[in-house]
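Given these sequences and hints, build the entire structure.
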Amino acid sequence: MNLSLLSCSNHRRFFTGLLALFLGFAPMVHAVVDDAHTEAMDLAGPAYKKGFKIREDYWKGTAKPGEQKSVKAQLFKGNEYWFWLGSDEDNVDITLDLFDGSGQKITLETISGIAAKGVRVVPPKTGTYVAVFTISLKETPPAKGKPEVEKPAKICWALAYGWR
Amino acid sequence: MSTAIHRVHFICRLALAVSCSCSALSSAQDTPSAAKEGSGELDLSKFPGQVMEDVIVPVPSEIFSVLEKLGDPDWKKEISTEAKAKFSERTDVALLLGTVVADGFLAVQAQDSKTVEAVGREVLDLSKALGVKDAVLPHCNAIQDAAKANDWETVRKELDATQRTVRQTMEKMKDNALAECVSVGGWLRGTQVVTSVINAGYTAEKAELLNQPELTDYFRDSMEEAITHLAQPEKLKLISSGLAQIHDLMVKGNGTMNQEAVATINRITSALVLRMTTKS
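Read top to bottom, the protein sequences are chains D and E.
Residue 147 in my numbering is what sits at position 147 of the first sequence, and the numbering runs on without skipping anything.
Residue 82 in my numbering is what sits at position 82 of the second sequence, and the numbering runs on without skipping anything.
Just so you know, not all the hints are guaranteed correct.
With a straight-line cut-off of 30 Å between C-alpha atoms, the simulated DSS-like cross-links for lysine-lysine are [as the list claims (entries may be wrong)]: (1) K53(D) - K157(E); (2) K157(E) - K49(D); (3) K53(D) - K76(E); (4) K77(D) - K252(E); (5) K146(D) - K64(D); (6) K114(E) - K128(E); (7) K53(D) - K133(E); (8) K77(E) - K125(D).
I should point out that these hints are in silico values taken from the structure, not numbers from a laboratory.
Now the structure itself:
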């Protein structure tokens, strides 16, 4: 499955594109901002200040609300890692954990943002681990006198990590 | 066969763990679960997760940083001074590009600005041959500037960004198999360096860094796939065969490898890197 090719469309990007057009910066629309990745990186600041190196590369895709997804990662004993998962939807609950090959959860610490979640792990062994996550839409009643906002069928996600 | 079993076993164990964790979650958030509530019984047909075949491929710096914590490796000694071949076939170019980017990470570790600058120029030449020059050019310029300023963190970031840009650009061009060749080339050159460093001062702790059977499995699958529709199938078959041997050594080591196995992996990767970087 090719994660990188999955394209996302969302309100924020549409708004950014519209604004760019309005301001006469149409060519800049090509410099698409990945909102999910931006959300993930917003959570990475404290770790970066503590000396974590952040991967420029990241992994992305789409998920149905509540759908469980997993991404494998090769981790090395001796390193400490933070993984950050961002979503392009604000009103969400995110679960994110890391498991080793025998199914043991190795998450040590978590951090939460508006549309992102981070977990810190110190792999006990060098090997393959799996990041398992879900993104669920929060149940919120519509504001009085306003129509119910249509829920997205798919949510864009981005997974990034850093190590030290 | 053993690989397939290993993978299914891994997926089953993961499914069990995930279903248990999800089961705890379900009471609070009504999340679907593979396990029947309260019974702990696993129903794979209802497994809610999707175990992706993709593996996040680490950058060489991740392994290098552990080796530095475990000793004081002589990175300069590992830098290659051999002239690299000029290839015209895109499969060859993609594999070579991977090795060159890995050389860049190594040069960062050795804080060798001349080599980093040379890597920046080589990456640009190879990107041109792959048709991704425009996308990669800003990274190459940034690598050159940062190398002149001895700004190693920026060089590392830009090398990482180069890999991302090459991969994403190639995927947009429907060249996924070539993108995998870049990853494989980088991993083989990185592993050649790592095994050389471990051999120079073997400890079981250092050798544990080579416990990457899932990654070799993933690369082997991608090479097998590439053989069917890329040029240079003989070279790709050779790489796939080498990866299979490395995979078996890793599995046999069961988490830790003895020095002989480390040396064997070094021989295999050295031969493959030679094949990828020269016309021999």
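Here is what the structure says about each hint:
1. K53(D) - K157(E): holds (9 Å)
2. K157(E) - K49(D): holds (16 Å)
3. K53(D) - K76(E): holds (22 Å)
4. K77(D) - K252(E): Status holds; Cα separation ~19 Å.
5. K146(D) - K64(D): It holds: about 25 Å lies between the C-alpha atoms, which stays within 30 Å.
6. K114(E) - K128(E): Cα-Cα ~22 Å, so holds.
7. K53(D) - K133(E): This hinted pair holds, its Cα atoms lying about 26 Å apart.
8. K77(E) - K125(D): holds (28 Å)
The structure fails none of the hints (numbered hints given earlier).
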